[in-house]
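Spelled out, the chains give:
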Amino acid sequence: DGGITQSPKYLFRKEGQNVTLSCEQNLNHDAMYWYRQDPGQGLRLIYYSQIVNDFQKGDIAEGYSVSREKKESFPLTVTSAQKNPTAFYLCASSADHSGNTIYFGEGSWLTVV
Amino acid sequence: QKEVEQNSGPLSVPEGAIASLNCTYSDRGSQSFFWYRQYSGKSPELIMFIYSNGDKEDGRFTAQLNKASQYVSLLIRDSQPSDSATYLCAVKVGNAGNMLTFGGGTRLMVKP
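Each protein sequence line maps, in turn, to chains A and B. All residue numbers for the first sequence refer to this note's numbering, where the first residue is 1 and numbers rise by one. All residue numbers for the second sequence refer to this note's numbering, where the first residue is 114 and numbers rise by one.
Simulated from the structure, these hints should not be mistaken for lab results.
Examples of chain A residues toward chain B, derived with CB under 10 Å: (1) Phe88; (2) Thr101; (3) Glu106.
Heads up, simulated DSS-like pairs for lysine-lysine below, C-alpha to C-alpha not over 27 Å straight-line: (4) A:Lys9 x B:Lys155; (5) B:Lys155 x B:Lys224; (6) B:Lys155 x A:Lys71; (7) A:Lys57 x B:Lys155; (8) A:Lys14 x B:Lys155; (9) A:Lys70 x A:Lys9; (10) B:Lys155 x A:Lys83; (11) A:Lys9 x A:Lys71.
A virtual CB, placed ideally from N, CA and C, is assigned to each residue, including glycine.
Modelling step: build the complete structure from the supplied sequences, incorporating the hints.
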């Protein structure tokens, strides 16, 4: 089935640890995105990538890093520099650079313990 | 000032009634407007999008856009308990590449 797969669905991070969230899509979409959602809040853009080997910072990129070595994959690393990482992380993709019709993965819950 | 504003709710309507959800935006360069539905703990699902002033209907859903007043609304006719969710308004600004800016969402509760 075509879609966006995020893993893991639930992740616990210890203080000072880096963790990486996986996002894979088989929709042949050019653009991919990472959003963060805090409880009861809307979505905030962390990073986005319009094409392989290129990505741009969103509104809240500090403490996060990404890579886009393959069209299908856009992993997000939450570094120890991110002081409040507990949130719901959503990966998304869209077919073209216009961004019309963005589709989301199932999301990953990250909790700091 | 937030770029996309929504009343957080909850908006409570009885089953069978019309639910009206509103969204205002600050950037007049905004070109495209999207409504997503998000159930608790799940990812957002696209309901519909609208580009032009006026109404756009899809089943029980109608999106309304008024660019002069900078608001977009979503009407849900014959509301069902299964419509209970958070509804997110998203806006694509013309000079922001392909990024969407989301409002905080309105929580809708449809009571049987």
